[in-house]
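Novice: Protein sequence lines, in the order shown, are assigned to chains A and B.
For what it's worth, our numbering labels the leading residue of the first sequence as 0, then goes sequentially.
For what it's worth, our numbering labels the leading residue of the second sequence as 9, then goes sequentially.
No lab work stands behind these hints: they were computed from the structure.
Given the structure is predicted, the values throughout are model-derived calculations rather than measurements.
Glycine residues also receive a C-beta, built at the ideal position from the N, C-alpha and C atoms.
If a hint is listed, it holds; no wrong ones were tucked in.
Label-pair restraints from in silico Cβ distances: (1) 17/A x 60/B: 46 to 52 Å; (2) 65/A x 18/B: 37 to 43 Å; (3) 57/A x 84/B: 34 to 40 Å; (4) 41/A x 67/B: 20 to 26 Å; (5) 17/A x 24/B: 49 to 55 Å; (6) 23/B x 114/A: 42 to 48 Å; (7) 76/A x 26/B: 44 to 50 Å; (8) 38/A x 89/B: 30 to 36 Å; (9) 44/A x 22/B: 32 to 38 Å; (10) 113/A x 60/B: 45 to 51 Å; (11) 39/A x 93/B: 24 to 30 Å; (12) 16/A x 62/B: 45 to 51 Å; (13) 60/A x 47/B: 23 to 29 Å.
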Amino acid sequence: AQSVTQLGSHVSVSEGALVLLRCNYSSSVPPYLFWYVQYPNQGLQLLLKYTSAATLVKGINGFEAEFKKSETSFHLTKPSAHMSDAAEYFCAVSETPGANSKLTFGKGITLSVRP
Amino acid sequence: EAGVTQFPSHSVIEKGQTVTLRCDPISGHDNLYWYRRVMGKEIKFLLHFVKESKQDESGMPNNRFLAERTGGTYSTLKVQPAELEDSGVYFCASSRADRVETQYFGPGTRLLVL
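Pulled out of the complex, with its shape left as it was, chain B reads as follows (with noise of 0.2 Å):
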């Protein structure tokens, strides 16, 4: 069974412009979550999703992030414009409908704003 994957696995941008993250989730595991580590931080939650639908995005920063899910596989996370302070880890991770509290979390993606 293939684990949780994440492109790109490193991104450099420039502030000012767009970055876009994937996830693909183990298949099969209805809860897709977004979680973001900044340089000497703790990790974040970002937001979770439940099939195609945001069960809870209290942890989305501000309205330059956008996060997707459609058709309920995988899941997109758009950084638009992307700030400095955006630099950081960005995990996702997945869980199955009956043992959601088993999270399997991919290797991150590493941003990092110019």
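Isolated chain A (complex conformation) (with noise of 0.2 Å):
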């Protein structure tokens, strides 16, 4: 069974300070994991995705996620926030896709942006 934490359950930066957003997944085969971002009255947006490729991952809006195995981790950064940025974001996993495509999200932290 696939599983991903995300502690807490809102994070508040500065405009211009750094972003971190955690995430650690639990899986027994090897995942693919996702980043969406829900804007207010809004759909998920895919942010970014790891499949398998380079552990870097560069998404829209300047986020970038690194997969890092031995940690379980898929971490979200932007280095520099906007206030654009807030909203809420969902580290999601999923099987290597093939029969079982499903996501499993976690429970989505809150970003809010002080100017």
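Using the hints, put the two chains back together into the complex; each one sits in its own frame.
Specialist: What follows is the structure, encoded as structure tokens:
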């Protein structure tokens, strides 16, 4: 069985500060890993994904994440936060696609950006 | 290219009533998924269609939920009869056959059962 842990429910940073959102996963098979973002009143948008190629993955809006197998982590970072980054962020895992491509999500974490 | 659309955006019903949610995937996407987020909880998988066939329905909570995808295009999720604990946001997602892992999500349907 797979699982995703996102510790905490809320992170607040100042505009221009580093954004670090943590994600740890558990999977019995090589995982695919994802970060999704949900802006207010919108659906989930894919930020980036790890699919067993490069361990450092770059996504949209300046975000990136690094897959660390030894730490079972896939933390999301952005060097400088913008006000527009305020949203809820979800980490998710799936088994290497084949018959089972369903996503298992973490609880999500809300990012606030202070002026 | 139009994204995944869901209808209605909001629904408020009373316990015991029936509600049908609709999802229109991105054109040409064979894979269609339903997920649900109950307030304060994580988003959870409900089921997965490949074209018109149910590939995995392990997440369906009970037999009050019925999903269909006739003709392999749009899908409906019916809840009958609705219970209070069915309240939440229901998301639909779709993906291509050759890029199964990249799921595109709709805006969700917010269901409130009173």
